[in-house]
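Novice: Below, each chain spelled out in residue letters.
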Amino acid sequence: MNTEERYKKLLEIVKLYLPEDVSEDAISEESHFIDELNINSANLVDIVLDVEDAFDIMLENDDMDQMATVHDALVIIDKKLLEK
Amino acid sequence: MFYESKTSILKSVSEIQIIKMNYKSLLDKLPYSKPFLFVDDIEHVDSNSITGRYTFHEDSHFYNGHFKDNPVTPGVLLTECCAQIGLVCFGLFLLNDEEASALKIGMSSSEMEFYIPVYPNEKVTVSSEKIYFRFNKLKCNVKMYNEKGELICKGVIAGMIKKADNE
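Sequence lines, in order, name chains A and B. The numbering of the first sequence is this note's numbering, which starts it at 6 and goes up by one. The numbering of the second sequence is this note's numbering, which starts it at 49 and goes up by one.
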């Protein structure tokens with residue numbers, strides 16, 4: 006899986022948790038989950054759980070704390086996939 | 049053999065006492081008070097499930113208006129009761145925090161179905177089973193029963209629960 010594929014896969018998950026007032030087109034790599042995409046902290050947990058299943062990885066509390074933007078999530082996914 | 053089993057009985061009695069104390073301390077840590085406390089006691093709790101009880105007293109003010117001349121417990125309060133026992137008490141136990149530190153809590157979702165009404169002075173039992181508790185989010189299957197053992201309502205509720213000084 007290359008970087009673009011990973012980004013696409015993550016995007017598919019994030020889309021599911023967007024509130025109605027945010028369009029899918031609003032998502033970019035720089036998007037801040039809570040401040041810009043209006044995703045609440047409970048749905049952010051669901052995104053993390055879906056990411057774990059989709060990429061077959063396990064995230065820790067520290068990873069969650071660092072996951073503010075889509076880019077942050079990609080960095081963590083890359084790191085976890087390398088550790089596998 | 050006889051002595052062994054006697055010892056184990058003694059041990060389990062003291063364990064029960066410890067557990068009962070813990071149940072009490074769970075209630076003491078709850079961030080609610082009258083008129084918005086909907087937990088009387090915790091019957092059982094372990095890492096996967098919790099059971100607790102509450103009696104909806106007839107003198108509660110909401111019966112004056114819900115409904116006019118026909119007091120029935122509002123569904124939102126049945127949901128609240130399920131959440132206070134099934135999410136907050138359960139979450140407090142799962143956080144396993146010895147000190148009574150401040151809590152940050154909030155319900156994030158609830159999807160309930162209601163089957164039979166709850167009238168004034170009815171005692172209900174709420175049981176909650178953990179779906180997951182990760183990254184401070186607790187999601188549970190909850191069920192509420194009346195004293196006849198009939199299912200009043202059931203659903204899935206989730207909330208965020210963490211220590212306030214843990215930011």
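Honestly, the hints are just simulated from the structure, not real lab data. By construction, the Cβ of each residue, glycine as well, lies at the ideal position given by its N, Cα and C atoms. Among the clues, some could well be false.
Calculated cross-link-like contacts (lysine-lysine; reagent style DSBU-like; alpha-carbon spacing at most 30 Å) [unchecked claim]:
#, chain 1, residue 1, chain 2, residue 2
1, B, Lys196, B, Lys211
2, A, Lys14, A, Lys85
3, B, Lys187, A, Lys20
4, B, Lys178, A, Lys89
5, B, Lys82, A, Lys84
6, B, Lys187, A, Lys85
7, B, Lys116, B, Lys210
8, A, Lys85, B, Lys82
9, B, Lys171, B, Lys116
10, B, Lys178, B, Lys152
11, A, Lys14, B, Lys178
12, A, Lys89, B, Lys187
Estimated spans, in silico, between C-beta atoms of each pair [as the list claims (entries may be wrong)]:
#, chain 1, residue 1, chain 2, residue 2, range
13, A, Lys89, B, Asn169, 26 to 34 Å
14, B, Lys72, A, Asn45, 27 to 35 Å
15, B, Tyr180, A, Met6, 21 to 29 Å
Novice: Confirm or reject each hint.
Specialist: Hints, one by one, checked against the model:
1. For the proposed pair Lys196 (chain B) and Lys211 (chain B), the alpha carbon gap of about 38 Å is over 30 Å, so the pair is violated.
2. Between Lys14 (chain A) and Lys85 (chain A) the alpha-carbon distance is near 15 Å, which keeps this suggested pair within the 30 Å criterion.
3. For the hint pairing Lys187 (chain B) with Lys20 (chain A), the CA-to-CA distance comes to about 21 Å; that is within 30 Å, so the pair holds.
4. Among the hinted pairs, Lys178 (chain B) with Lys89 (chain A) is consistent with the structure: their alpha-carbon atoms are about 29 Å apart, no more than 30 Å.
5. Simply put, Lys82 (chain B) and Lys84 (chain A) have alpha-carbon atoms about 49 Å apart, too far for the 30 Å limit, and the pair is violated.
6. Distance restraint check for Lys187 (chain B) and Lys85 (chain A): the Cα-Cα separation of roughly 25 Å lies within the 30 Å cut-off, and the hinted pair is therefore satisfied.
7. Between Lys116 (chain B) and Lys210 (chain B), the direct Cα distance comes to roughly 39 Å. Violation of the 30 Å bound is thereby established for this hinted pair.
8. Only pairs whose Cα atoms come within 30 Å are accepted, and Lys85 (chain A) paired with Lys82 (chain B) is rejected, the gap being roughly 48 Å.
9. In summary, the hint linking Lys171 (chain B) to Lys116 (chain B) is supported, as the alpha carbons are separated by about 22 Å, within the 30 Å threshold.
10. With a C-alpha separation of about 19 Å, the suggested pair Lys178 (chain B) and Lys152 (chain B) falls inside the 30 Å cut-off, and the hint holds.
11. For the suggested pair Lys14 (chain A) and Lys178 (chain B), the alpha carbons sit about 28 Å apart, so the restraint of at most 30 Å is met.
12. Simply put, Lys89 (chain A) and Lys187 (chain B) have alpha-carbon atoms about 28 Å apart, close enough for the 30 Å limit, and the pair holds.
13. Checking the proposed 26 to 34 Å range against Lys89 (chain A) and Asn169 (chain B) shows it is violated: the Cβ atoms sit about 58 Å from each other.
14. At roughly 33 Å, the beta carbons of Lys72 (chain B) and Asn45 (chain A) sit within the given window of 27 to 35 Å.
15. Restraint check, Tyr180 (chain B) to Met6 (chain A): a C-beta distance of roughly 26 Å satisfies the suggested window 21 to 29 Å.
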